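Participant: Go ahead and model the full structure; you've got the sequences and the hints to work with.
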Amino acid sequence: MKEFYILSTLKRIIFIIFLSGITFQHTFAQYQMEQLNRGVVAVSMGGTKVFVSWRWLGTEDNITFNLYRNGTKINSTPLTVSNYTDNAGSTSASYTVKAIVNGVEQAASEAATPWAQKYYTLPLNVPAGGTTPTGEAYTYSPNDCSVGDVDGDGTLEIVVKWDPSNAKDNSQSGYTGNVYIDCYTMKGVFLWRIDLGKNIRAGAHYTQFLVYDFDGDGKAEMACKTADGTKDGKGVVIGSATADYRNSSGYILSGPEFLTVFNGKTGAAMATANYTPGRGTVSSWGDNYGNRVDRFIATVAYLDGQRPSMVFGRGYYTRLVRSAWDFRNGQLTQRWIFDSNASGNGSYAGMGNHQMTVGDVDGDGRQEVCNGSSAVDNDGKGLYSNGLGHGDALHMSDMDPDRPGQEVWQCHEEPKKYGNNGLAFKDAKTGQPIWSLGGGDQGDIGRCMAGDIDPRYKGYEVWGSSGSLYTCKGVAIGTSKPSVNFGVYWDGDLQRELLDGAKLDEWDYVNNRMNRLATLYDASYGGGTPCNTTKATPNISGDLFGDWREEIILHSADNKNLLIYTTTIPSDYKFRTLLHDPQYRVAIAWQNAAYNQPPHLSYYLGTDMATPAKPDITIVGNNTTGCVPAIAVPSTAFCAGGSVLMTATTGTSYKWFNGTSQVGTAATYTATTAGNYTVEVTNASGCKATSIPVTITVNTLPVITPYVKIDANAWTSSSTAAVCEADTVNFGPHPNVASGWSWTGPNNFNSSLRNPVLTAITATQAGTYKATYTDANGCKTTSDFILQVSKPTAAITVSAASFCPGGSAVLTASTGTTYKWFKGTTALGTASTQTVTEAGAYTVEVTNAAGCKATSAPSTVTLSTPQATPTITATVTSFCPGGSAVLTASTGTTYKWFKGTTALGTASTQTVTEAGAYTVEVTNAAGCKATSAPSTVTLSTPQATPTITATATSFCAGGSAVLTASTGTTYKWFKGTTALGTASTQTVTEAGAYTVEVTNASGCKATSAVTQITLNAAPPAIITASATSFCAGGSAVLTASTGTTYKWFKGTTALGTASTQTVTEAGAYTVEVTNASGCKATSAVTQILTTQPSAWYADTDGDGKGDPAVTMTACTQPAGYVATAGDGCPADAGKIAAGNCGCGNTETSCLDCAGVVNGMAVLDNCNICVGGNTGKSACVTTATVNGSAANIQVIPQPFDGTTTITVYNIGMIQSITIISASGAIVETRQGLSTDEITIGESLAAGLYSVIITTENGMYTTRIVKK
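Everything in the sequence shown is counted per the UniProt record's numbering, starting at 1 for the first residue and increasing by one.
Read the hints as simulated data drawn from the structure, not as lab findings. Since we're looking at a predicted model, the values are computed, not measured. Treat the hints loosely; a few may be bogus.
What the hints assert, rightly or not - Distance condition first, Cα-Cα at most 16 Å in a straight line; then the derived EDC-like pairs of lysine to aspartate or glutamate:
id, residue 1, residue 2
1, LYS614, GLU105
2, LYS972, GLU997
3, LYS429, ASP379
4, LYS381, ASP304
5, LYS853, GLU725
6, LYS458, ASP402
7, LYS473, ASP402
8, LYS791, GLU725
9, LYS975, GLU997
10, LYS1265, ASP1235
11, LYS853, ASP727
12, LYS73, GLU105
13, LYS265, ASP244
14, LYS49, GLU60
15, LYS234, ASP217
Facilitator: Structure below.
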């Protein structure tokens, strides 16, 4: 039988091929994982808005949820995601979650109260600093952290490694302080501290610690390398307490080395073994001073596919050793050890990173250990070594979901080893590059990062400190790159965000830049600080609680707190907690090792991802604590008025008791009174048990009795003291014990004495002094002492610092009880005010009610400079009515103007519009006044309103009128507002409103009334003709348009003067019309034509041909006559055609121009035979006018009904005259103005001449009507 293992996302199916057929069998063991509770977290977003998220556990199917606030469900329909924004919440609300399984609501989760701000502060117990043997002082800061459920309640605790400020890289010599490892609950309760002792050096590469439930009891342990002098959480020393193996350079290159497993809940050492491999000969690791020998790394791995093992490593630059251990049933046993020095393993030397990563890379259901450029199989045998050498960063996941298995993205350090693979995207199973870049000597490529940050491309994007940004296929998609540090799922989409130090960003793939999401080092985020110096990594980051997004833990700049950050951005995606993916969970465990790296999943989470399968895990320890309840309490005593929060072991229901009285039913109880408290816890299995009692003591508050002593006086029991400046005050409250006191007061006063003394008191020391006394139980009370420092305000307020001769000033003292005034040393009055009439320096002594005296500073009063008699300067002393004059006073500070006794303005100038005598009172800067002599202003003689005399107020166009102004000195003429001349007369040629401004000898002006000038309109001059042509001997009547008088002309020859004119001759006629206004206009020319009479022939038989023997002469066609003769048979009514042809004759007159009998062809106006059966059309007559071609087109030609004449390049047709072949005018048309005209409808058949008149001349053409 041959077995094939296929891994796809978290689904493992074994195909077992038998010789007889195929069957399917699931043979993988399930990974044992820790029990997790719902992990509810709530964060206040300001006001009533609270963001809540929780876990969807890896053991659960696709369930929904209900969310409760203070026991009331707040969602209207079941929630399909594991986050919710409550818009009606509060910071005091309590949130619980209930899963809904197959429509049935399950038990409530643990409760969560919202964080009051956007981060959670977890207080730390900072270790005391120390001094090295060489005298170097050092302090401590929180470094790498890990998490694990140390008490089995489903909530993770935090394990913190403390590094001293003198921690060293292995390459650096020098002593370091001890390394401490602490454990805290998520509520900040300090559980234990382990001191690794002086024989464990501090630095990133020395202590790698693993927190995991190794023995499957549901509670996490902690394992790390120890030495002589390590002190566990119970104070028990491992090995020798006095041994000191440090050499003079601070390195520890001798002495025993241990591996110890500690109880996660108590910190007690549970098992210790010799660390493997031992250091042996230091130089065998690559140097002789202690650098490469102590390069340690560690990880957790499910080597058997079921239970976790710990793997500790030593060396990676040269010799590489990995040692696997199991801790089960209280025993620490070695599973296997892999050594590059062992036979057959030589290629693995130098093929390790500063970290390991773990995952099932070959699909056998068991996890392998990836060192970087090599990997060790789950059974401790070498899996591959690719020879690419050491590197600083390592990432493994299903980065390319289109290909089977996982991939590794790694940067390398040694060009001689990596060759063209400085950055390599490798198959995780074989270690062979799928694609790579970085050929040539690019030196140490120190950083690289991988994550799905661009939704345009399926799979991870990868990048490093060299090269560009690439897809998982190796396609470069930009030269701009994100930060190269940590990845964090944060904002709710499927892309991973980027954490660099305390800066959280997302990659803007459109603009190829980083967009800031949160600046965690800002004060608004508590001033978050990363660790590991230039690596700037978080203390820890991962999916620690809440929904599937990841948390970030940094520490405060003062090292006193951990700062925990969780997202408050809603997400429409729901994934099971990442902690239940075994590969991700062990990555959280190894994250603290050496150069920290972000955790990665075993499956692809990103754009176009497949739905992750339910993980193949089993939960251990979920019933280990249900029937052993306990109460966690930070303190069993508090002061009166205080309280303490007690927390029960996780269960499904609770009953709290104080003695026998039930006091609560929640998971926590806040005790405010003393008593013996127990809690009865029922778990999900129905198991019920009561905890051991916790005795709570309430300590009474101390009482402070105030005492005070002033100067050398006796002590008095008083909380108030009234003193003068310069006195001495001694506080001395009781109880009369020296310690436990602290004081605060004005001007940042503070003291730890019971009886502080204030000497040489000043007024600035007045105020409330608060004494705080803390007794031996830590109970505090406060008392206020009020110190009143009396100092009278000895100051003088002066009504005027100087006054004019004959004046005075009033001096007013600041408030007191009694007063003494002095001028120099001469005593004056004793009132609170003093009136003085002399210049001098004045003081006042003020005594207040406490008898404290103070003397003011001298207040000097002076006599002011008198104001000189002012003068007035006037712009004019006389002005016209409506005018004004400006009066200007000589220099002063303030002014009062008067006309007689009437007050006017207060400016330095005064504009006056009336005659009168004016004065001004001027006050100088000293306030002294003087009044000027009167300044008299008079009115000038006014200009009378002028008049305009006009020679005419109207005229015809082209005429004018002369306007004359009445007498003045100067003149200004205007048409409307337009200025014209300046003479006394003005000739105008336009209509308009005219005025004149006249100025007299006094300069006074006046403007005339408007004189309106109008233009008379010219009359219309139009001729109406009774006819424009007539027969010789006839006449036409021309009528002019309306006017008053008339003058008729033929050309330039004057005719009559009546409104009508009878004409008997052809010619061009005009009329001049004059209207009532005398305005004249001449009409346009009216052209009159005369015609001669024609011969007409009798057409007896009506065939259109006349009898040449019967004729009549007339200008118009008589009835029964036609213009054409030639009827050979005028009386033959039976002929079948006109003319002679019906008689059977064949004379020439019967033929057309083409020789066809009775044919229709005719000669056109070019004398060419056209029409009929000739196939020819009439020609176009062409003339030449001013050098341009002049065309006349006649179409059709000949014609039956009408024909159209069109002209080109000779202007527009103004008129036409049609003349018959006999010379008679048969039709006239005038007033046309067109380039085309249709004619012939009224014409008889025959040949005609057409006279065409345009504005350019006269032209002729011929037409033929059939």
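Participant: Are the hints correct? Go through all of them and say.
Facilitator: Results of checking the hints against the structure:
| no. | hint | verdict |
| --- | --- | --- |
| 1 | LYS614 <-> GLU105 | 21 Å, violated |
| 2 | LYS972 <-> GLU997 | 5 Å, holds |
| 3 | LYS429 <-> ASP379 | 15 Å, holds |
| 4 | LYS381 <-> ASP304 | 14 Å, holds |
| 5 | LYS853 <-> GLU725 | 10 Å, holds |
| 6 | LYS458 <-> ASP402 | 9 Å, holds |
| 7 | LYS473 <-> ASP402 | 10 Å, holds |
| 8 | LYS791 <-> GLU725 | 6 Å, holds |
| 9 | LYS975 <-> GLU997 | 12 Å, holds |
| 10 | LYS1265 <-> ASP1235 | 22 Å, violated |
| 11 | LYS853 <-> ASP727 | 13 Å, holds |
| 12 | LYS73 <-> GLU105 | 12 Å, holds |
| 13 | LYS265 <-> ASP244 | 29 Å, violated |
| 14 | LYS49 <-> GLU60 | 29 Å, violated |
| 15 | LYS234 <-> ASP217 | 21 Å, violated |
Figure legend: structure checked against the earlier numbered hints; hints not met, in rising order: 1, 10, 13, 14, 15.
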